[in-house]
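2 protein chains.
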Amino acid sequence: MADRIPIAIDTLGGDNGPVYFVRGAMEGLKQNRNVKLFLVGNKEQLEGLVAEYDDYDRDRLEIVPSTEVIGCDEPPVEAIRKKKDSSLAVGLRLVKEGQAKALISAGSSGAVLAGGQFIVGRAKGVKRAPLVMPIPTSEGHSLLLDCGANVDAKPEVLRQFAVMGSIYMENLFGVKNPTVGLVNIGAEDEKGNALVKATLPLLRECNNINFAGSIEARDIPFGKTDVVLAEAFTGNVIIKLYEGLSKMILSELKNACMKGPKEKLGGLLIKKSLKSTVSAFDASDKGGAPLLGLKGLVVKIHGNSKNGEVRSAIRQCRQYVQSGVSEKIRKGLEENDI
Amino acid sequence: MADRIPIAIDTLGGDNGPVYFVRGAMEGLKQNRNVKLFLVGNKEQLEGLVAEYDDYDRDRLEIVPSTEVIGCDEPPVEAIRKKKDSSLAVGLRLVKEGQAKALISAGSSGAVLAGGQFIVGRAKGVKRAPLVMPIPTSEGHSLLLDCGANVDAKPEVLRQFAVMGSIYMENLFGVKNPTVGLVNIGAEDEKGNALVKATLPLLRECNNINFAGSIEARDIPFGKTDVVLAEAFTGNVIIKLYEGLSKMILSELKNACMKGPKEKLGGLLIKKSLKSTVSAFDASDKGGAPLLGLKGLVVKIHGNSKNGEVRSAIRQCRQYVQSGVSEKIRKGLEENDI
Numbered sequence: 003m004a005d006r007i008p009i010a011i012d013t014l015g016g017d018n019g020p021v022y023f024v025r026g027a028m029e030g031l032k033q034n035r036n037v038k039l040f041l042v043g044n045k046e047q048l049e050g051l052v053a054e055y056d057d058y059d060r061d062r063l064e065i066v067p068s069t070e071v072i073g074c075d076e077p078p079v080e081a082i083r084k085k086k087d088s089s090l091a092v093g094l095r096l097v098k099e100g101q102a103k104a105l106i107s108a109g110s111s112g113a114v115l116a117g118g119q120f121i122v123g124r125a126k127g128v129k130r131a132p133l134v135m136p137i138p139t140s141e142g143h144s145l146l147l148d149c150g151a152n153v154d155a156k157p158e159v160l161r162q163f164a165v166m167g168s169i170y171m172e173n174l175f176g177v178k179n180p181t182v183g184l185v186n187i188g189a190e191d192e193k194g195n196a197l198v199k200a201t202l203p204l205l206r207e208c209n210n211i212n213f214a215g216s217i218e219a220r221d222i223p224f225g226k227t228d229v230v231l232a233e234a235f236t237g238n239v240i241i242k243l244y245e246g247l248s249k250m251i252l253s254e255l256k257n258a259c260m261k262g263p264k265e266k267l268g269g270l271l272i273k274k275s276l277k278s279t280v281s282a283f284d285a286s287d288k289g290g291a292p293l294l295g296l297k298g299l300v301v302k303i304h305g306n307s308k309n310g311e312v313r314s315a316i317r318q319c320r321q322y323v324q325s326g327v328s329e330k331i332r333k334g335l336e337e338n339d340i
Numbered sequence: 003m004a005d006r007i008p009i010a011i012d013t014l015g016g017d018n019g020p021v022y023f024v025r026g027a028m029e030g031l032k033q034n035r036n037v038k039l040f041l042v043g044n045k046e047q048l049e050g051l052v053a054e055y056d057d058y059d060r061d062r063l064e065i066v067p068s069t070e071v072i073g074c075d076e077p078p079v080e081a082i083r084k085k086k087d088s089s090l091a092v093g094l095r096l097v098k099e100g101q102a103k104a105l106i107s108a109g110s111s112g113a114v115l116a117g118g119q120f121i122v123g124r125a126k127g128v129k130r131a132p133l134v135m136p137i138p139t140s141e142g143h144s145l146l147l148d149c150g151a152n153v154d155a156k157p158e159v160l161r162q163f164a165v166m167g168s169i170y171m172e173n174l175f176g177v178k179n180p181t182v183g184l185v186n187i188g189a190e191d192e193k194g195n196a197l198v199k200a201t202l203p204l205l206r207e208c209n210n211i212n213f214a215g216s217i218e219a220r221d222i223p224f225g226k227t228d229v230v231l232a233e234a235f236t237g238n239v240i241i242k243l244y245e246g247l248s249k250m251i252l253s254e255l256k257n258a259c260m261k262g263p264k265e266k267l268g269g270l271l272i273k274k275s276l277k278s279t280v281s282a283f284d285a286s287d288k289g290g291a292p293l294l295g296l297k298g299l300v301v302k303i304h305g306n307s308k309n310g311e312v313r314s315a316i317r318q319c320r321q322y323v324q325s326g327v328s329e330k331i332r333k334g335l336e337e338n339d340i
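Protein chains in written order, with the working numbering: chain L, 3 to 340; chain C, 3 to 340.
These are calculated hints, taken from the structure and not from any lab test.
Be a bit skeptical, because a hint or two may be false.
With a Cα cut of at most 20 Å, we get these calculated PhoX-like pairs of lysine-lysine [stated by the list, open to error]: (1) L:K277 with C:K308; (2) L:K264 with C:K277; (3) C:K249 with L:K226.
Going by beta-carbon spacing under 7 Å, a handful of chain C positions derived as facing chain L [stated by the list, open to error]: (4) Y58; (5) R60; (6) P223; (7) E254; (8) E265; (9) G268.
Covered stretches of chain C (chain L as the covering partner; in silico rule of three or more C-beta atoms under 8 Å from a C-beta of chain L) [what the hints assert, rightly or not]: (10) 146–155; (11) 188–197; (12) 214–221; (13) 234–240.
Given the structure is predicted, the values throughout are model-derived calculations rather than measurements.
Each residue gets a CB set at the ideal place from its N, CA and C atoms; glycine is no exception.
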């Protein structure tokens, strides 16, 4: 079927093994009637796992054998170059060769980032491919980029990221004309480091983005802007501090609710009401972190992803392809002549 | 009395006005028998406020008149240069001239940073003066520097900061041989931006610090290292995200406890147990943020500081002087030949 969206899944990356990937794939097949999935990994193992299911559309699922796996402790660039038959490399080649429009991997972040750039390659006109992640805010979610793919990037690169993030936010999260903020250490234009000061005027001149100026880190959790733009080092610090600090506070909260019988009762009474707060920090239903600007979509999901995350990422890839984000990004950069 | 520790207080900076500063000063006088305080500000107003107290040691309190004030919306560098009779400038000159050993100000951060460097000046051998703040962790507190004073600093500057932070942490918070971590986007030495990669080897060679390598932002809230070293832009993002994210989560938590009668009861039951978690994020008892490495101590307290913060900062200044931190920093840099 010509209009099926082909998506590859790296079943060997990550901590949890192919069982969950196959389960997530089966769920994804049911929920997304127009996708075709390639399961990349150990052929026999995958055949065995798939054989446990019978209620699925066989011509929308294909096993693609691979014999190697890249570990999280391997130097990523070297690993992706040497292990040509790793599940990640094989999956990325499917995207490069056009057999798949997207790859989902829970493998080593470094290898996914490096492989995306080296194997799939950047789309025409794209200087760098940023890693993009949704972050929970009191207003819902904002979109943070670059979360760590391109350290020491130039202002011209950040300008492209602003356009990419804006288009992704509009098309994948349905936010019309999303506001874009550049992370800075003050609200005024004279604040900031050399990179930020050089980037601000470029963003102000940029067409087709709703640039809101600088955003201080304290305003990020309150959703001051829909898109939060940062250089990769800063973006990575933000995403990881978000993860660590929310984990720490919620665990302290849990401890406070376990202190004694009175507190346990109190915890029970607020549990339901608290659930939405807590679950906002659990990203499993938001899809993974895409690398934007490549010749195909590469989505990194968390190392400990299970079927839920795989299922969400399949939906995310389908929506990405259906809404024509790649083409819109190409146009957006072209219109800005950047 | 020769061994009294003279401390100046800028009573016009900040949001709350001199009432709270005078109250904090009176409390500080009582709690610290060997300090002498200079209240810098509007003479008549201060005399009026001081007249309301009678139970204090009159020769340990002196009013120093000043006629101007620097607002938070003024360009800081220009303001500190032009407004020579501002409470901040007058206070800083007291430190410069040796009449005071320290200044406490709740005024414009930019003006305090600029004024500290321009008016008080850096101690011999010190390349830059970092802004230092305690941050709450699950283990107690870590010390973060540089929180925003010197963007785009060089590796040699960060090396000095590592020594300063280490000495401050040991002397002011009583942590023996504190571990120092450099904020990075991965644990391995090949990770990081150009600045971090150039700084890591310098820190490994450094004597008299307990260098623990890179620290990822997700580990900061769990107190992985006692001292958290970062370039000022990153440090400022960390401190502000800490502030914003904890505020956001705790306010969501409060909302969850106000949803209905059941939740309100639950909230009441866990309130006491939660208090220590919540109060860890309220820094009023931890003193302010010192600028280290100047010829005297300059302590920035929060713009909305009240008497409690002033009182804590007075204690902090006394401890700083008593434990000879300035001299220890000088020796530390000398021993490292940096």
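Consistency of the hints with the structure:
With a C-alpha separation of about 36 Å, the suggested pair K277 of chain L and K308 of chain C falls outside the 20 Å cut-off, and the hint is violated. As the CA atoms of K264 of chain L and K277 of chain C are separated by approximately 15 Å, the hinted pair is consistent with the 20 Å bound. Proposed proximity of K249 of chain C and K226 of chain L is supported: the alpha carbons are some 14 Å apart, at most 20 Å. About 37 Å separates the beta-carbon of Y58 of chain C from the nearest beta-carbon of chain L, more than 7 Å, and the hint is not met.
Given hint, R60 of chain C at the interface with chain L, is violated; its Cβ is 42 Å from that chain's nearest Cβ, farther than 7 Å. At about 4 Å, the closest approach between the beta carbon of P223 of chain C and any beta carbon in chain L falls short of 7 Å, and the interface hint on this residue holds. Taking 7 Å as the C-beta contact cut-off toward chain L, the hint placing E254 of chain C at the interface holds, the least distance being around 4 Å. Using the Cβ-Cβ criterion of 7 Å, the hint placing E265 of chain C at the interface with chain L is satisfied: the shortest such distance is roughly 5 Å.
For the restraint placing G268 of chain C at the interface with chain L, the shortest Cβ-Cβ distance is roughly 3 Å, inside the 7 Å limit, so the hint holds. For the segment 146–155 of chain C, the stated coverage by chain L holds: 3 residues have a C-beta nearer than 8 Å to a C-beta of that chain, and at least 3 were required. Counting residues of the segment 188–197 of chain C whose beta carbon lies closer than 8 Å to any beta carbon of chain L gives 5, which meets the minimum of three for the stated coverage. Taking a C-beta to C-beta cut-off of 8 Å, the segment 214–221 of chain C contributes 4 residues in contact with chain L, enough for the three needed, and the coverage statement holds.
Judged by the Cβ-Cβ criterion of 8 Å, the segment 234–240 of chain C is covered by chain L as claimed, because 6 of its residues qualify and three suffice.
When each numbered hint is compared with the structure, violations occur for hints 1, 4 and 5.
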